[in-house]
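Guided by the hints, dock chain B onto chain A, whose structure is given.
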Amino acid sequence: MSRLAVPKTYKLYIGGAFPRSESGRTYEVVSASGAFLANAAKASRKDARDAVVAARGAVAGWAGATAYNRGQVLYRIAELLEGRRAQFVAEIEDAEGATRAQASAQVDEAIDRWVWYAGWADKFAQVAGNANPVAGPYFNISVPEPTGVVAIVAPQDSSLVGLVSAVAPALVAGNAVVVVASERFPLSAISLAEVLATSDVPKGVVNVLTGSPAEIAPWLASHADVNALDLVGAGELDWVDLEFAAADTLKRVLRPEQGPDAAAPTLDRITAFTETKTVWHTKSLK
Amino acid sequence: MSFLEYAPAPESRAILSLRDSYGLFIDGEFVDGHGTPFQTSSPATEERIATIANANAADVDIAVAAARRAYDRTWSRMSGRDRGKYLFRIARLVQERARELAVAESLDNGKPIKESRDVDVPLVAAWFFYYAGWADKLDHAGLGANPRSLGVAAQVIPWNFPLLMLSWKIAPALAAGNTVVLKPAETTPLTALLFAEILQQADLPPGVVNIITGAGDTGAALVAHEGVDKVAFTGSTAVGRAIAKQVAGTQKKVTLELGGKAANIVFDDAPIDQAIEGIVNGIFFNQGHVCCAGSRLLVQESIHDEVVERLKSRLSTLRLGDPLDKNTDIGAINSAEQLERINELSDAGVDEGAERWSAPCEIPENGFWYAPTIFTNVQTSNRIAREEIFGPVLSVLTFRTPAEAIAKANNTPYGLSAGIWTDKGSRILAVADQLRAGVVWANTFNRFDPSSPFGGYKESGYGREGGRHGLAAYLAPSSAVSAGRAGAQRRLETGESTSAEPDTAAERPARPTRTRTTRAAKKGAAK
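In order, the protein sequences belong to chains A and B.
Read in full-length UniProt numbering, the first sequence has 179 at position 179, and its numbers run on one by one without any break.
Read in full-length UniProt numbering, the second sequence has 523 at position 523, and its numbers run on one by one without any break.
Simulated from the structure, these hints should not be mistaken for laboratory data.
Be a bit skeptical, because a hint or two may be false.
Covered by chain A, per the in silico footprint, the following chain B stretches (three or more residues, Cβ under 8 Å) [claimed, not checked]:
hint, segment
1, 32 to 38
2, 443 to 453
3, 465 to 478
The structure displayed is predicted, hence computed values, not measured ones.
Ideal placement from N, C-alpha and C gives every residue a C-beta, glycine not left out.
Okay, chain A solo, but in the shape it has when bound (with noise of 0.2 Å):
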């Protein structure tokens, strides 16, 4: 006799819990080939705002984390990441009919960009920021700082790599993230939050919704306590609009990607989301 499985519910991320969305809703999440997998939840409107009250909360503590222990903390991802590589790779096999080979390749992919990224965690600042010679008697200094909020748009055509690859950069300077995942593979975004909270990354520092795209992000890109807009996976949206929402309250944007380089690790990434902060102070011997 074969035993029975338990089958997982996926819910949203939110605040560090997990909660259903508030309106109720669920979508059927189905494999390559149209089996069914899960019911997903589909965030509302009120979810997206929750997840951006839970990542302001997040911001202060996370971007005033040293340097040092963010990078342990995200480097820690990876390792549990590498812990449950079977669980991942089944699920993105299930999801995306991808071969045993793809589906590693990707988990394999996705948890060395957080190793990667976690490197930078005490050293971007040395290459972004800059000691000015200025023309007097002033110590002057830049250093890049997180900009806040940042809402993300995964990309869409992968389950795992290409999450990853949107949040890790937005993380490594001290930002909150509220990310939309593949609305087509959002199950891998779901158990990849049950390693976040598993992680040591404090509650609120990365909000999962699942859902449409199409439906959530307007409300994230006309959110005025949202900072930034990471529209990497919108190509397939109205995302001039998202642009042009995003406009309202001046915040920093990066257009979408497409490709097998969508969101490919750089250090462009990191910087994208940060203010470059120039501080002056006289200089005297009195």
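Relative to chain A, chain B alone:
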């Protein structure tokens, strides 16, 4: 005659040889505009200075085409070394004609000659000198080897620092290899046109810099023009928003330097004499027509009365009047329109219950003037504590603890600048860390330097001007370098199919920094 009275000491206007009218500067020549010419006048006397050509949409087309030609045929092909030498030439010419430029600036803008002569124009020369040296060192600008220029830059600048803002825009753009179409503010076109003469003296190739004059619609047409690759704007947050909407969905790269409502925080252990001078400099420099002005004074409650008394006493010694007089501290408000806005907000302050005090100074009969003014008993909800006044008006609020000071300082949609006054170094650094502002001055205020990045957080805009960051705003990584793509490589090798062809993605507007060649993808680990 008391010790506060001085004989007039006006700077001579004889150094100026202005034309009666000025055309648009396009392709190295002054040409007529197709719009209706307008007059520029002195805000101190309301006397006409010159007639200025008005660029309409057709002129914008012509100017952008000239810039594109110059970019394709000349400037983008020139060595960085030679571009740099042109910029050094310009810096020297500005120094040679410094006094003339200062007089013209004070005449047209209304700012005191001591400021145009000692601050604006020396910084203009410094800006060109600084960026001149970058032109052949772009590999070190932080974008990897062989960064590329963007193309034609559309630049729209405000009236508060006309020539200085021109230098902030043009110097880095040219150093990076871009060509420029710049529109100065409607009320202060004069020094930009004198600068065009300097470009002729420098023998800068035609079309590399084009200067078109006009009002807001000229600027809007320029920003919207399809032939433009980069937009750089300094001005109000309202216009900045409109520009951000205008460029949505395009490939244009944008920097916006917008409004501010800076907090100047004075702790009870501050060096009080310096602090008083710093507060005065922070809000009354350039009649308060400064986006980063310290317009909200946050003073620790225990020293509030002393600071306010000393401020009033200091302000009573400021001399308001003829901008060309070397003893003038407070010049003219730049326009009737701006004066009206200051009056409107100032009256709103009184209506909302704040107490207004203005320095007792004689207001000249002609021109636009506003006496240095302090509001006390200001609430954080008052309009004068929230909205940018852009005039010589200071709102005084109090705090008890550093945490309260930080919370109040950050309680604004703006985030351009801030000031901290205390003798305690560790507190300065801790407070500076917490302030959400792009420039923080500690025990000083309103300092600027070409090597020092300047720009805002939040609704004060994005991008930086000055320093390496200001250069990077006019560059993109070279195609080969930007794509260090380990992940893409591995995915390609494992034969994973992707939904989009790499090259078709380029049809969609995207960041110019992204390239998608498979060759680049195989270059190895992310840099």
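Going through the hints against the structure:
no.	hint	result
1	32 to 38	violated (count 0)
2	443 to 453	holds (count 7)
3	465 to 478	holds (count 4)
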